[in-house]
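Trainee: In this text, residue positions in the sequence shown follow the numbering used here: the first is 21, and each later residue adds one.
For the record, the hints were derived by calculation from the structure and aren't laboratory data. Keep in mind that the hints are not guaranteed to be accurate.
Label pairs and their calculated CB-CB ranges [said to hold, decoys possible]: (1) Ala152 to Leu254: 36 to 46 Å; (2) Phe169 to Val57: 29 to 39 Å; (3) Lys154 to Ile248: 40 to 50 Å; (4) Leu254 to Val57: 21 to 31 Å; (5) Cys124 to Leu231: 32 to 42 Å; (6) Leu231 to Val49: 16 to 26 Å; (7) Thr219 to Val49: 26 to 36 Å; (8) Pro191 to Leu231: 43 to 53 Å; (9) Gln151 to Gly199: 31 to 41 Å; (10) Gln151 to Ala109: 56 to 66 Å; (11) Gly251 to Ala150: 16 to 26 Å.
The list that follows gives simulated cross-link-like pairs (lysine-lysine, DSBU-like), each with its CA atoms no further than 35 Å apart [what the hints assert, rightly or not]: (12) Lys156 to Lys112; (13) Lys149 to Lys221; (14) Lys112 to Lys194; (15) Lys112 to Lys223; (16) Lys112 to Lys155; (17) Lys223 to Lys154; (18) Lys112 to Lys154.
Glycine is no exception: its CB is placed at the ideal position from the N, C-alpha and C atoms.
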Amino acid sequence: MSNHVTQIDGHQHCFEEHAPNTFNLVFGVIICLGSVVAYGLQIQKIISNRSNLGLSALSCILASVSNTATLYNAISGNWDAFLCCRVVALGKCMSLLLAFIQLCIVWGSWTTIFILYASFFSIPSSAAKAQAVKKKRMIVRGVFWTYYFVMVMGGSAMIISWNFFISTNDPIYKATDLGIGIVAAVAMGLFWMPQIWTTFKLKDAGSLSMLMLLLTTPGAYLTIYFYIAYGQTLLVIIP
Numbered sequence: 021m022s023n024h025v026t027q028i029d030g031h032q033h034c035f036e037e038h039a040p041n042t043f044n045l046v047f048g049v050i051i052c053l054g055s056v057v058a059y060g061l062q063i064q065k066i067i068s069n070r071s072n073l074g075l076s077a078l079s080c081i082l083a084s085v086s087n088t089a090t091l092y093n094a095i096s097g098n099w100d101a102f103l104c105c106r107v108v109a110l111g112k113c114m115s116l117l118l119a120f121i122q123l124c125i126v127w128g129s130w131t132t133i134f135i136l137y138a139s140f141f142s143i144p145s146s147a148a149k150a151q152a153v154k155k156k157r158m159i160v161r162g163v164f165w166t167y168y169f170v171m172v173m174g175g176s177a178m179i180i181s182w183n184f185f186i187s188t189n190d191p192i193y194k195a196t197d198l199g200i201g202i203v204a205a206v207a208m209g210l211f212w213m214p215q216i217w218t219t220f221k222l223k224d225a226g227s228l229s230m231l232m233l234l235l236t237t238p239g240a241y242l243t244i245y246f247y248i249a250y251g252q253t254l255l256v257i258i259p
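Taking the hints into account, I'd like the entire structure generated from these sequences.
Mentor: Spelled out as structure tokens, the structure:
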């Protein structure tokens, strides 16, 4: 087993070592609820429009990759708290893992947006254009399933296994953790470029939710404080 935690001395000791204060706990709950509302607005707009027009496929891919990689770094960074959850009540466990829960909300939201993008293609009446759109739809769906099986399923199995069986001091562990963090940071750094270009070309936001942007832009700065308060590593904070 890894050297994250070799012994848990008791329920109270384990909780007190990692527990957030009341302000950070309330603040964290607000951030989680804000994430649900903000990304829910984007999901609702795609469904109501039944169209992915205005959204960038590449941005959906980059956001999904970045959030998945960040989630993997968070699993490693919160492993002690996961182990504490074996001996504390559910409510205490959730308070310990509130930052991780928020990351899961963001990851789940972008994965849902990616799925909706792959589902709602408007097929033009022109045969030539229809063929091009169908080809793009096939490529996007192929990329999604590759992402899901390779990065989500395969990556999850690898990260969980490594945290159980490889020491955090192992050079391979550290190099892999850093590599995943770099992937997350680069993908998130490039994320907005395709979306800005798509909106510029269309001269219209289409199915892109402006309310989501208004909430997530200032929310990003508040989330940075939230991650710092919960002791997240730079590999989680930077992306």
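Trainee: Are the hints correct? Go through all of them and say.
Mentor: Hints, verified against the model:
| no. | hint | verdict |
| --- | --- | --- |
| 1 | Ala152 to Leu254: 36 to 46 Å | holds, 43 Å |
| 2 | Phe169 to Val57: 29 to 39 Å | holds, 31 Å |
| 3 | Lys154 to Ile248: 40 to 50 Å | holds, 46 Å |
| 4 | Leu254 to Val57: 21 to 31 Å | holds, 28 Å |
| 5 | Cys124 to Leu231: 32 to 42 Å | violated, 22 Å |
| 6 | Leu231 to Val49: 16 to 26 Å | holds, 21 Å |
| 7 | Thr219 to Val49: 26 to 36 Å | holds, 33 Å |
| 8 | Pro191 to Leu231: 43 to 53 Å | holds, 46 Å |
| 9 | Gln151 to Gly199: 31 to 41 Å | holds, 39 Å |
| 10 | Gln151 to Ala109: 56 to 66 Å | holds, 58 Å |
| 11 | Gly251 to Ala150: 16 to 26 Å | violated, 52 Å |
| 12 | Lys156 to Lys112 | violated, 46 Å |
| 13 | Lys149 to Lys221 | holds, 17 Å |
| 14 | Lys112 to Lys194 | holds, 29 Å |
| 15 | Lys112 to Lys223 | violated, 48 Å |
| 16 | Lys112 to Lys155 | violated, 49 Å |
| 17 | Lys223 to Lys154 | holds, 24 Å |
| 18 | Lys112 to Lys154 | violated, 49 Å |
Hints 5, 11, 12, 15, 16, 18 from the earlier list are contradicted by this structure; the remaining hints agree with it.
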